[in-house]
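Enquirer: Those protein sequence lines, which keep their order, are chains R, D and X. Here my numbering is used: position 99 in the first sequence is 99, and no number is missing along the way. Here my numbering is used: position 232 in the second sequence is 232, and no number is missing along the way. Here my numbering is used: position 94 in the third sequence is 94, and no number is missing along the way.
Errors might be hidden in some of the hints.
Restricting the straight-line Cα-Cα distance to at most 25 Å, the calculated cross-link-like pairs of lysine-lysine (BS3-like) are [said to hold, decoys possible]:
1. Lys84/R / Lys258/X
2. Lys258/X / Lys238/R
3. Lys317/R / Lys264/R
4. Lys157/X / Lys238/R
5. Lys136/D / Lys201/R
6. Lys136/D / Lys34/D
7. Lys277/R / Lys281/X
8. Lys264/R / Lys84/R
9. Lys157/X / Lys258/X
10. Lys201/D / Lys44/D
Away from chain R, derived, C-beta distances all over 10 Å, residues of chain D [as the list claims (entries may be wrong)]:
11. Pro105
12. Arg116
13. Arg120
14. Lys201
15. Glu358
16. Trp390
17. Asp392
18. Arg470
19. Phe508
These are calculated hints, taken from the structure and not from any lab test. For each residue, glycine too, the CB sits at the ideal point set by N, CA and C.
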Amino acid sequence: MNSSASKPWLRLLDLAPVALFAVMLVVFGAMSDRFLTTGNIVQVLVQASSTAVVAVGMTFVLLTAGVDLSVGAVMFLGAGLAGKMALAGQPLPLCLAVMLAVGIAAGAVNALLVTRLRLVPFIATLAMLHIGRGTGRWVTQTRAMNLPEPFLLLGSARWLGVPLPIWMAGTVVAVAHLVLTRTPFGRQLHALGNDAEAARKAGLPTGRLLAAAYIICGACAGLGGILALTQLGAVSPKFGELYEFDAITASVLGGTSLFGGRGKVFPGTVLGAVMLKCIFNGLVIARADPYLYPVITGAVIFAAVLLDSLRDGIAKKLARRRIIPAG
Amino acid sequence: MIASTEDRGTTAEPSDAVRFDGIVKGFTGVPVLKGVSFGVAAGKVVGLVGENGAGKSTLMNLLGGNLRPDAGTIRRDGRPYTPQGPDDARAAGIAFVHQELNLFPNLSIAENLFLRDFPRGPGRLPWIDRGALRAKSEALLLQVGLDRDPATPVERLPAGERQLVEIAKALGADARVILFDEPTTSLSSVERERLFALVAKLRDRGIAMVYISHALGDVLRLCDDVVVLRDGEVVGAGAATSFDHDRLVSLMVGRQLTQLYPERLPRTHDVAPGAPVRGPVLEVSGVSQPGIVRDISFQLVAGEVLGISGLMGAGRSELARILFGLDPHGTGEIRLDGERLDGPPGERIRRGLAFLTEDRRGEGLCMEASITDNMALATLRSHTRTPARWLDSRAVDLVVGLMRDAVRLSPKAKGADAVRTLSGGNQQKVVLGKWLLAAPKVLVLDEPTRGIDIGAKSEIYQLVHRLADRGAGVIVISSELEEVVGICDRVLVMRHGAITGEFRRGGFDREKMLAAALVAPKP
Amino acid sequence: MTSAGTIGGRGSRSVARILGSGHFGLVLCLMAAVAFAPVAPGFLSSGNLANILVGALPLLVLATGQTIVLVTGGIDLSVTAVIGLASIVGALVMGGEHGWMRGSPMAMPVGIAAMLGTGATIGFLNGFCVARLRMPAFMVTLVATMTFGGLAVWLVKQAAGVESIYGLPASFLALGSRPALAACLAVLATVAAHLLLGRTLLGRWFHAVGHNPRASLISGVPVGRVTVAAYVVSGIFAALASVLITARLETGSPNHGKALLLDVIGAAVIGGTSLSGGRGKVVWTVHGVLFLALLGNGMDLLNVSDFLVTIAKGAVILVAALLDVWRRRLAIDAE
Numbered sequence: 001m002n003s004s005a006s007k008p009w010l011r012l013l014d015l016a017p018v019a020l021f022a023v024m025l026v027v028f029g030a031m032s033d034r035f036l037t038t039g040n041i042v043q044v045l046v047q048a049s050s051t052a053v054v055a056v057g058m059t060f061v062l063l064t065a066g067v068d069l070s071v072g073a074v075m076f077l078g079a080g081l082a083g084k085m086a087l088a089g090q091p092l093p094l095c096l097a098v099m100l101a102v103g104i105a106a107g108a109v110n111a112l113l114v115t116r117l118r119l120v121p122f123i124a125t126l127a128m129l130h131i132g133r134g135t136g137r138w139v140t141q142t143r144a145m146n147l148p149e150p151f152l153l154l155g156s157a158r159w160l161g162v163p164l165p166i167w168m169a170g171t172v173v174a175v176a177h178l179v180l181t182r183t184p185f186g187r188q189l190h191a192l193g194n195d196a197e198a199a200r201k202a203g204l205p206t207g208r209l210l211a212a213a214y215i216i217c218g219a220c221a222g223l224g225g226i227l228a229l230t231q232l233g234a235v236s237p238k239f240g241e242l243y244e245f246d247a248i249t250a251s252v253l254g255g256t257s258l259f260g261g262r263g264k265v266f267p268g269t270v271l272g273a274v275m276l277k278c279i280f281n282g283l284v285i286a287r288a289d290p291y292l293y294p295v296i297t298g299a300v301i302f303a304a305v306l307l308d309s310l311r312d313g314i315a316k317k318l319a320r321r322r323i324i325p326a327g
Numbered sequence: 001m002i003a004s005t006e007d008r009g010t011t012a013e014p015s016d017a018v019r020f021d022g023i024v025k026g027f028t029g030v031p032v033l034k035g036v037s038f039g040v041a042a043g044k045v046v047g048l049v050g051e052n053g054a055g056k057s058t059l060m061n062l063l064g065g066n067l068r069p070d071a072g073t074i075r076r077d078g079r080p081y082t083p084q085g086p087d088d089a090r091a092a093g094i095a096f097v098h099q100e101l102n103l104f105p106n107l108s109i110a111e112n113l114f115l116r117d118f119p120r121g122p123g124r125l126p127w128i129d130r131g132a133l134r135a136k137s138e139a140l141l142l143q144v145g146l147d148r149d150p151a152t153p154v155e156r157l158p159a160g161e162r163q164l165v166e167i168a169k170a171l172g173a174d175a176r177v178i179l180f181d182e183p184t185t186s187l188s189s190v191e192r193e194r195l196f197a198l199v200a201k202l203r204d205r206g207i208a209m210v211y212i213s214h215a216l217g218d219v220l221r222l223c224d225d226v227v228v229l230r231d232g233e234v235v236g237a238g239a240a241t242s243f244d245h246d247r248l249v250s251l252m253v254g255r256q257l258t259q260l261y262p263e264r265l266p267r268t269h270d271v272a273p274g275a276p277v278r279g280p281v282l283e284v285s286g287v288s289q290p291g292i293v294r295d296i297s298f299q300l301v302a303g304e305v306l307g308i309s310g311l312m313g314a315g316r317s318e319l320a321r322i323l324f325g326l327d328p329h330g331t332g333e334i335r336l337d338g339e340r341l342d343g344p345p346g347e348r349i350r351r352g353l354a355f356l357t358e359d360r361r362g363e364g365l366c367m368e369a370s371i372t373d374n375m376a377l378a379t380l381r382s383h384t385r386t387p388a389r390w391l392d393s394r395a396v397d398l399v400v401g402l403m404r405d406a407v408r409l410s411p412k413a414k415g416a417d418a419v420r421t422l423s424g425g426n427q428q429k430v431v432l433g434k435w436l437l438a439a440p441k442v443l444v445l446d447e448p449t450r451g452i453d454i455g456a457k458s459e460i461y462q463l464v465h466r467l468a469d470r471g472a473g474v475i476v477i478s479s480e481l482e483e484v485v486g487i488c489d490r491v492l493v494m495r496h497g498a499i500t501g502e503f504r505r506g507g508f509d510r511e512k513m514l515a516a517a518l519v520a521p522k523p
Numbered sequence: 001m002t003s004a005g006t007i008g009g010r011g012s013r014s015v016a017r018i019l020g021s022g023h024f025g026l027v028l029c030l031m032a033a034v035a036f037a038p039v040a041p042g043f044l045s046s047g048n049l050a051n052i053l054v055g056a057l058p059l060l061v062l063a064t065g066q067t068i069v070l071v072t073g074g075i076d077l078s079v080t081a082v083i084g085l086a087s088i089v090g091a092l093v094m095g096g097e098h099g100w101m102r103g104s105p106m107a108m109p110v111g112i113a114a115m116l117g118t119g120a121t122i123g124f125l126n127g128f129c130v131a132r133l134r135m136p137a138f139m140v141t142l143v144a145t146m147t148f149g150g151l152a153v154w155l156v157k158q159a160a161g162v163e164s165i166y167g168l169p170a171s172f173l174a175l176g177s178r179p180a181l182a183a184c185l186a187v188l189a190t191v192a193a194h195l196l197l198g199r200t201l202l203g204r205w206f207h208a209v210g211h212n213p214r215a216s217l218i219s220g221v222p223v224g225r226v227t228v229a230a231y232v233v234s235g236i237f238a239a240l241a242s243v244l245i246t247a248r249l250e251t252g253s254p255n256h257g258k259a260l261l262l263d264v265i266g267a268a269v270i271g272g273t274s275l276s277g278g279r280g281k282v283v284w285t286v287h288g289v290l291f292l293a294l295l296g297n298g299m300d301l302l303n304v305s306d307f308l309v310t311i312a313k314g315a316v317i318l319v320a321a322l323l324d325v326w327r328r329r330l331a332i333d334a335e
């Protein structure tokens, strides 16, 4: 393909996530008046908050061309511990701090496995998924726990008329966005994801960068667990299940490339997370057959991944050297 | 040798920004640099020329801290300089501008310039001071004359502007010594002029520069001094004004190494009266692909060894990939035995085509797989029985065993060993064996002896001749002029994706061949 | 680097050679047997061993199919969705109140054919996306899991109006009630896969594509078709596992096999099949399956809670993966 012909395509594919989102809003908006009301929008945002936070962490890892499958299990383990402590009468802040600490610790183990022991991220975090879920079930003795009132109050509290979960998710997104776009670490992470070998040659501390990405992902899983807990008010043995898939999906829907080096937390990943919940919410409002939800969601994600692959293919073609000089 | 170059050297002053003294370096017993000495003074541009394999890149890797010399010293501003890695080179104010640029296309110009140490905001916070980043970047871009917003992603820049960014990066790192390695390969003529103006400006600022290029006209025009390398030795050094194009070429190719190449007489039987008139086994007519090759036409006769020469990036390998169906071609036609050649590589292999690629590790071999599996891969299909394409592994082992002897693979290697454990020469013999098993009508060899010791080289040449004598057509693509001159019956020279010269054995003229590769055809 | 320091010694090198040579799974099986035999009551009784083997049959078939995809350098996460959808399709053909061929003597063969066809179709779609559209296998099969898993739930609601379908023909249920029959089927499939991977042209091509797709293409291997074939085989094997599970549980349900995914990949990796492609054997996978079965059963007999089993499985996968990295690094160091 001629390079001058494929460049506009590349730009167009960059816009694909936003276009996908806009199409969805229009379609659902046309199907029901209730979809685009303030109340509904706030509800969707609250529902999306925990997924968004976990997906923000996942974006850091995906930027390095890795993956973290253990986030759901980490959420469960943290929630199990926090629930036990809360039922034993420990103060709320301490419980929440423990959840965050569990996330950071799990992230550190993942980082160790991937950087020092050089395991493939997929298999390392898959094993951590097993271990995390097993430990979580041990902690909870595979029983559901109903948490004390303060947890749910946290989820329904409002500040300046906006629910607390949205504030929390918004803060995480803002900080992550600034870190990725405005700090040396963030920019170097992009370089590492684009070409790890070149980054090493350029003198970047690739091991530390990679480790930081996994630790941040773990911390976000812990925070996401807190947000999910404040909505549900209970820890079931299924808590956090499939969150890893939702997080990857939200990132990819938002334009994060699975090939590394390309992705934005804002609007990208946030858009992706909101989109996931929107599909769900829109289908509910449009009274679609609930059993078709996963099929439709799957189709939307498929479209996003296909666009990402097309984009990668075109970018690779453009990178090829021309032999006959242009001028 | 060293003494004689010292005598001829014009840059032996102690004030040299960089000085090489008696540098010796070898790889696994093969000497690459045999006592190289020369210096580069501040505010001077030294052109470093030589054929591929003369030792230029090894010299650069020594300076960059990627390799360490076996003997000899490098001095930087008169002090001994012993870099342990790229960081040391950077700290010593040495920067490289490579043919393949080391930029991250997903980041902006400014970010690429300051990736290692971004200007920080106040109070030791980890935020990038975006104002300072922009200001510093703009100052650097101004120095290199690139009128672009520093926030532009590098992937949106054309090749020439990326080159300027790379130079700005060197300046940003306070480089006092800059090495250019084939910087003009992918530049348009306008971009090239801009680069030259910039080099002149940097010289005025007292920066020492080494300029490596095959574009000899550019070297003579741009450089103050020229150093000619051949076979790891300095064979000529002096002021650029004391050289001309022809003298440089004859210094570069001067050597004769006859015993390496098996004897090859000028071929007469394809034109001899009474000989059976053989049609061409491969006909290529008018093959073009926008931006890659243009209007390629040639014929290959059975039993002929045809060389394709030219510089790296002249489009030779790309032509081979088109022949083999790995890349598309726009117009033109390829015929094998008079019939149109189409379809995927598998189909072309069945028709009698074979292709030894230049990237042995990436495209030639499955490095972790066994010798037997690699050698049999292209011909497995012929050792199967229906139903279910059952593999006759005894037959496979038998033919692979025979071929191992035919290509003289090291007897120490066992058939089940991973090819990763073999030396480069033996690995190449495995690839060659794979294709010889297919008994091809046309075999295309792309850089068949790159990185291979002399002994294996000579054995590979003999195998090529034996195959041609059995009636196959062979195409040998090589950057080493000596190689194509040594083993081919006929040589085509390519430049910028087009054929710019044709020579027959008996009429080989190295200087004219090199000229065809270097000089642009007059419009 | 701590890991390099502790494992670089000569003694550990020979240990690594043994463990990395492809017998790691077998060594683990023996270790599990030796560990459980004295403490777990009845562990070595023939009844218990038969139980272990019969219980492991679906996992064996699944992991065998997965091995072929892993050898080509891919991964197939959609096997659980195939189990669910094939189970529903088969049940809709054969039984329940609305079975299309209910009562017909042809119900069993047609039903099984429909199940295998379902698996092959999903496998083909996966392979097409990976080979032709160049999408990452991980994402493609993940989306397939979601979509086809959802489709199974929708289908059973739509067509039968219930959660799961009972009333399957007796000839089909015999596959579940007569372990010898099921074992024959599973072993036959496993042996077929072993021969396919080790003794045929396609098998060699699977390996070559996993080692280096570019070199394979240049050597005339039809890389696209070979890749598609691997996913089709994996899909068919998952459908076969669905036949075994559906027959044993006597119901068609979209929820069959949901918990098996981690065991499937774990079994292959524990056996020594590499996730980076080119290296893998069905025999190794058999070892891995056997080990997971022994571990599960032994801990069951000891009344160890299931969360400890899960932790142990995770740890074993981790060790297996570490060994794989370790083996490769030693091989490179030895040069």
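Enquirer: Now, for every hint given, state plainly whether the structure supports it.
Expert: Here is what the structure says about each hint:
The straight-line distance between the Cα atoms of Lys84/R and Lys258/X is roughly 28 Å, outside the 25 Å bound, and the hint therefore fails. Taking the CA atoms of Lys258/X and Lys238/R, the gap is near 13 Å; set against the 25 Å cutoff, the hint holds. This hinted pair checks out: Lys317/R and Lys264/R have alpha carbons roughly 23 Å apart, not beyond 25 Å. Distance check on the hinted pair: Lys157/X and Lys238/R sit about 24 Å apart at the alpha-carbon level, within 25 Å; holds.
At roughly 23 Å between alpha-carbon atoms, Lys136/D and Lys201/R fall within 25 Å of each other, so this suggested pair holds. The hinted pair formed by Lys136/D and Lys34/D fails the criterion: a straight-line CA distance of about 43 Å is larger than 25 Å. Between Lys277/R and Lys281/X the alpha-carbon distance is near 42 Å, which puts this suggested pair outside the 25 Å criterion. Using a Cα cut-off of 25 Å, the hinted pair Lys264/R and Lys84/R is violated, with the two alpha carbons roughly 36 Å apart.
Under the criterion of a C-alpha separation no larger than 25 Å, the hint pairing Lys157/X with Lys258/X is consistent with the structure, at around 18 Å. Between Lys201/D and Lys44/D, the direct Cα distance comes to roughly 11 Å. Compliance with the 25 Å bound is thereby established for this hinted pair. Its beta-carbon lying about 7 Å from the closest one in chain R, Pro105/D breaks the requirement of being farther than 10 Å from that chain. Residue placement check: Arg116/D does not keep its beta carbon more than 10 Å from all beta carbons of chain R (closest about 6 Å).
Under the 10 Å C-beta cut-off, the non-interface status given to Arg120/D relative to chain R is violated; the minimum distance is some 8 Å. Every C-beta of chain R lies more than 10 Å from that of Lys201/D, the closest at about 22 Å, which supports listing it as non-interface. Chain R leaves Glu358/D outside its interface by the beta-carbon criterion, the shortest separation being 14 Å against a cut-off of 10 Å. Look at Trp390/D: its CB is around 34 Å from the nearest CB on chain R, clear of 10 Å, so calling it non-interface holds up.
With a cut of 10 Å on Cβ distances, Asp392/D stays outside the contact zone with chain R, its closest approach being about 36 Å. The non-interface label for Arg470/D is consistent with chain R: the shortest C-beta to C-beta separation is roughly 34 Å, beyond 10 Å. The beta carbon of Phe508/D is kept farther than 10 Å from every beta carbon of chain R, the shortest such distance being approximately 25 Å.
Checked against the numbered hints given earlier, the structure breaks hints 1, 6, 7, 8, 11, 12, 13 and satisfies all the rest.
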